[in-house]
Amino acid sequence: MAVKKSSKKPNVSAQELQAYYHDMLLIRRFEEKAGQLYGMGLIGGFCHLYIGQEAVVVGLEAAAKEGDKRVTSYRDHGHMLACGMDPNGVMAELTGRIGGYSKGKGGSMHMFSKEKHFYGGHGIVGAQVPIGAGLAFADKYKGNDNVSFTYFGDGAANQGQVYETFNMAALWKLPVIFVIENNQYAMGTAQARSTSSPDIFTRGAAFGIPGEAVDGMDVLAVKAAGDTAVAHCRAGKGPYILEVKTYRYRGHSMSDPAKYRTREEVQKMREEKDAIEHVRDLLLTGKHATEDDLKAIDKSIKEIVNASAEFAKESPEPALEELWTDIYADDASQTA
Amino acid sequence: MTKSNERKLTIARAMAEATAQEMRIDPSVFVMGEDIGPLGGVYGNTRGLIEEFGAERIRDTPISETAFIGAAVGAAQDGMRPVVELMFVDFFGVCFDAIYNLMAKNIYFSGGNVKVPMVLMTSTGGGYSDGGQHSQCLYGTFAHLPGMKVVAPSNAYDAKGLMTAAMRDDSPVVYMYHKGLQGMGWLGTEAGATVHVPEEPYTLEIGKAKVVREGKDVSIVSCGMGVHNALKAAKTLEAQGVSAEVVDLVSLVPLDRDTIRASVAKTGRLIVVDEDYMSYGLSGEIIASVTEHDISVLKAAPKRVAFPDVPIPFARVMEQFCLPNPDKIVAAWDEMQAA
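Chains as they are written, first to last, in UniProt numbering: chain A, 1 to 336; chain B, 1 to 339.
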């Protein structure tokens, strides 16, 4: 099946295009800054950057409404920024500071915001998929029309629990959109070496779950597919699968030099398919913005990102007393 | 003899009653698991619920433990109070990721931003020749991992109060009920577990142990089925002029170390009875709680009566040889005296 692309003359307002540009660029600059802080030793552990995949979350967030839920894997910074979480809180969590979303106890892979309906940030490949179904269950039970955006990668698509969840979500007609962010690599293993079929979205057919593939480097195509999926779920028709074909420019994590693919392959994607450049072109050629308008956006993003880095450096490290809080929802603890 | 105002219930009925009463007042409570609907739960603890609450709130699931336990975590984080059944604790092998990486950690990982108010109830224990994948207790496995409260009732009164407390708790509670105490006719049951249960709802504080028999010569500490073995041993010892105190842990996490320490400080001797495996488990933890705190209270080296470190065998003679029983507890006392 061909990957859906947006039409040449998209029916989209200048305001919307500028918002996509802003949100995608914010993620990219934020991730570049996180990469720098990692290089400076301010961020520990693994750090999975979202650079290259920005159109996926920005396009889908454009299809969401207040009350919708989202849950994802460890490559989660983009999702948090796209749903409106505070860059300061995210960056400070990366540096393990008290001002971080999880007070420094979660790190890059584990942040939550009930306020923004973001339910993590999960470190085990595929484990967030059942959670996404549970979020959808809760909303269906409460009788509202919220949907759950449940993101996972092409690698996670080979986890058994994904199919347990497909079955249960279809059986119970849960309003969950399974978003497969297919960035072509399961860590370092190319899809062709790990996955028996080229189209992962067709795997829903066994459970009666409709699905489609989408060009994930085209934010308008993602938004359009998101609208279709959301309408399906809100109408009570059960789950929907979107396989969004995307590409990550950086390694799997900061410790990955990405020797399993050629420099040329990455370069080609950057030059020919970059999602942000695509929107930039649409803005300028469609006269939806001037170079000066875009410079102003760039500048404001730079300020936001620099401020987040400053906050993340200046926020104090957590007091060791914090070790013993939040183990349970109440103040119970298990001490010797 | 039953007094006229007594209302004896099995643990299974006490659990179902607590769940029904909570569901009547809290619409966010729902039950999910394998055969908890029309079948009523393999161990009877959801019997009658589907008739009152219907299939929307009493949900039979596919045999997909990872999916439905993971989904319960998601629902709990989104304001629901799921009661989920893992039919046999032994089945944890297919879904432990959802339990200890998600359910147990997400409150902490979120810095308290989300709560995970869910109850994971699961059957434990053997003694009826069900083989080594349907007979384990695994208390130590669950209690070892931070982030879950763990309870293990020994009788119906405690079972009801713990069930209500667990459903009202904003943290995940693993509710480990022992098959041999459930009151299932086909399985046989321990008569001492079927006790008077008040009709009105009540809670039992999670994290508090109980001295269920006072004594002055030795403290026998256990939970679940082990409490009944300890009480029987205490009767035998009494006939020999030995006064045994029995401590029912009730909760494994948080562990009420104060009650254990106070009891051993009084008696000077400690026997721990545990149907879970011997090494790296509950029995060692209880002994360490005492010896780390104040070794001088001990008049003799502590003893353990626990399941040996072997996979649980099928053959009746072999399984019965391994299980704790009152005779082994009495023998532990005798060894303590001989030492």
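Hints were generated in silico from the structure; no laboratory data involved. Be careful, since some hints might not be right.
[Said to hold, decoys possible] To be clear about the criterion: a stretch of chain A counts as covered by chain B if any three or more of its residues have a C-beta under 8 Å from a C-beta of chain B, and this derived list gives those stretches:
no. : region
1   : 22 to 33
2   : 105 to 111
3   : 116 to 126
4   : 188 to 196
[What the hints assert, rightly or not] With the C-beta cut set under 8 Å, the calculated list includes, among others, these residues of chain B facing chain A:
no. : residue
5   : Lys-115
6   : Met-184
7   : Asp-294
8   : Ser-296
9   : Leu-298
10  : Ala-300
11  : Ala-301
Yeah, the Cβ is synthetic: ideal placement off N, Cα and C, and Gly gets one too.
Status of the hint placing Asp-294 (chain B) at chain A (closest C-beta pair under 8 Å)
Result: violated, 13 Å to nearest chain A Cβ.
Would you check whether Ala-301 (chain B) satisfies its interface hint, that is, whether its CB is within less than 8 Å of any CB in chain A?
It is violated, given that the least Cβ distance between Ala-301 (chain B) and chain A is near 21 Å, above 8 Å.
Restraint outcome when Ala-300 (chain B) is required to lie within 8 Å of chain A by C-beta distance:
violated, 23 Å
Would the hint on Leu-298 (chain B) stand, with a C-beta cut-off of 8 Å toward chain A?
violated, 18 Å
Verify the coverage statement for the region 22 to 33 of chain A against chain B, using a C-beta to C-beta distance below 8 Å and requiring 3 or more qualifying residues.
As far as the region 22 to 33 of chain A goes, the hint is violated, because 0 residues have Cβ atoms under 8 Å from chain B.
How does the region 105 to 111 of chain A fare against chain B when you require at least three residues with a CB closer than 8 Å, holds or violated?
holds (count 4)
Would the hint on Lys-115 (chain B) be counted as holding, given a Cβ-Cβ threshold of 8 Å to chain A?
holds, 4 Å
Minimum beta-carbon distance criterion (8 Å), Met-184 (chain B) to chain A
violated, 28 Å
If you look at each residue in the region 116 to 126 of chain A, do at least three have a Cβ nearer than 8 Å to any Cβ of chain B?
holds (count 6)
At least three residues with a C-beta closer than 8 Å to a C-beta of chain B: is that true for the region 188 to 196 of chain A?
violated (count 0)
Can we keep the Ser-296 (chain B) interface hint, with Cβ of chain A closer than 8 Å?
violated, 18 Å
Hints 1, 4, 6, 7, 8, 9, 10, 11, counting from the list given before, are not met by this structure.
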